[in-house]
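**Q** So the sequences go chain by chain: A and B.
By my numbering, the letter at position 157 of the first sequence is numbered 157, and the numbering carries on one by one without gaps.
Count along the second sequence from 1, add 1000, and you get the number used in my numbering.
Take the hints with a grain of salt, since some may be wrong.
As the list claims (entries may be wrong) - Which stretches of chain B does chain A cover? Using the computed rule of at least three CB atoms under 8 Å from a CB of chain A, they are:
id: 1; stretch: 1015 to 1025
id: 2; stretch: 1070 to 1084
id: 3; stretch: 1090 to 1101
id: 4; stretch: 1156 to 1170
id: 5; stretch: 1177 to 1187
id: 6; stretch: 1190 to 1201
Claimed, not checked - Here are the simulated lysine-lysine pairs, DSS-like style, with alpha carbons at most 30 Å apart:
id: 7; chain 1: B; residue 1: K1152; chain 2: A; residue 2: K187
id: 8; chain 1: B; residue 1: K1101; chain 2: B; residue 2: K1179
id: 9; chain 1: B; residue 1: K1179; chain 2: B; residue 2: K1066
id: 10; chain 1: A; residue 1: K141; chain 2: B; residue 2: K1078
id: 11; chain 1: B; residue 1: K1152; chain 2: A; residue 2: K59
Stated by the list, open to error - If you want the ones that stay clear, here's a sample from chain A, every Cβ over 10 Å from chain B, calculated:
id: 12; residue: S16
id: 13; residue: I22
id: 14; residue: A49
id: 15; residue: G54
id: 16; residue: W57
id: 17; residue: V64
id: 18; residue: M126
id: 19; residue: W146
id: 20; residue: H157
id: 21; residue: Y159
id: 22; residue: Y160
id: 23; residue: V166
id: 24; residue: M173
None of these hints come from the bench; they were simulated from the model.
Virtual Cβ for every residue (Gly too), placed ideally from N, Cα, C.
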Amino acid sequence: MPDLTRNGMQCNEFDSLLSDAIDGILSGATLDRFQAHARTCNTCGALLAEAEAGRGWLKGLTEVEPPAGLVANILASTTGVDTQRLWTPAHAPQPRVSWWEQVQASYLEPFWAVVRQPRFAMSFGMAFFAISVSLAALGVKPDIAWAYITHPVNFRHTYYNTQARVVRYVDNMRPFLEVQAALHSIKRTAPAEPGPDKQKERKNDTTQQPEQKQDRNYSQAGNQLILAGDPLGPSVNDLPVVSVTTYRRFV
Amino acid sequence: MTESSGEQQVEDVQVVAMLVRRCIAGDSVAWEEIVQTYNRRIYNICYRFAGSADDAQDLTQEVFIKMYRTLSSYDHTKGAFVTWVTTITRNLLVDHFRKTKQDRMTDSIDSTASDHEDAQPLSEQIPDQSAPPDTHVRQREVSETVHQALGKLSPELREAVILRDLHDFDYREIATVLKVPEGTVKSRINRGRAELARLLQRTYRQVM
């Protein structure tokens, strides 16, 4: 803006008073000088006209309505509170939601959303396969298991049946057990003699060495751990002498 | 700002200060009240500055998230709550503008308003003024044109005229929000208004 003086006012001063003039708070001599300058200075006059026009355009703009779910989204993202009620006007009748739908919305849907992800699908598939194989190996049949889950009284029936089977088994076995006990008591009263099998084995033994003793020695020599720094270990003199023969290879 | 009596303003300040204290203490009802009170104003500032409803919604949520996190830093003795909120909004808008600066640099008044290739430029979207079919529709179209022209202003001029002419902030409050002297605020408002008028005159001249 050129710094010209017209009607006792410079363009810089006009510029500084422009806002006040548009706001309508200029008065008296200042307003007269301002208006006189606007009339004589083309640049400042155009600026005043444009500024007034621009203000008029802006004042014509009306407020826009925020989206319906904005407040609910803000509250959910800040406090984490589910504010579904804010999506609908307060006077609107709230739809009745059953407990099953609430459970579904609160627990099942999020779980199902996770399960449906491809990265988890393979893991769940493998887990299902492993459980199926394990149950099949254990002899658990799905229909029987389902019968137990749906009718818990089956557990009591199974318990009584199993108890009766055990009692019957013990009753059936009682005569045999009594005979076996009698035979044992007869054996205990008879004198102990070496068995013929033992003597036969000794006859076939041509080494005349005490087998068990030799085994024990070998096992002791072979299994004993020798530590280099162990003062309680065998000394150098106790170790067996090993002759080493080197076979050279002539090429 | 709203022209109310001194007593009313003091009462408002106390009410807001009480609300803020309740929020900090964990009262979700108080926070909801603050959101209900200020969401419209913040959304409109964001909408006028960013230009798109989707961006405005995202930015408004960001403003409230930031408010929620920094609510304890508000000091009612240093200024009005609405000024503090507007300052947060303005800072986020500046960040948003910097992120999308490249896109805006390539825009012009005659550029397409949308990403569609067949979309008409702004000057061609002005309907024939000779026989407006409906006043309401006509008014809406003019508003849309002014809104688009507002988006062509530089961010410094745009934020100044938005706060002054659309939200009735006084110069001192705008100076606080923009962190510039009051004289600079007045100058930006005048230049912004004049630039907007020139843009719209050019647009309508092309149509006429």
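**Q** Give a verdict on every hint.
**A** Hint check results:
no., hint, in the structure
1, 1015 to 1025, "violated (count 0)"
2, 1070 to 1084, "violated (count 0)"
3, 1090 to 1101, "violated (count 0)"
4, 1156 to 1170, "holds (count 3)"
5, 1177 to 1187, "holds (count 3)"
6, 1190 to 1201, "holds (count 10)"
7, K1152/B <-> K187/A, "115 Å, violated"
8, K1101/B <-> K1179/B, "21 Å, holds"
9, K1179/B <-> K1066/B, "19 Å, holds"
10, K141/A <-> K1078/B, "75 Å, violated"
11, K1152/B <-> K59/A, "17 Å, holds"
12, S16, "7 Å, violated"
13, I22, "8 Å, violated"
14, A49, "8 Å, violated"
15, G54, "3 Å, violated"
16, W57, "5 Å, violated"
17, V64, "5 Å, violated"
18, M126, "40 Å, holds"
19, W146, "46 Å, holds"
20, H157, "54 Å, holds"
21, Y159, "53 Å, holds"
22, Y160, "57 Å, holds"
23, V166, "63 Å, holds"
24, M173, "73 Å, holds"
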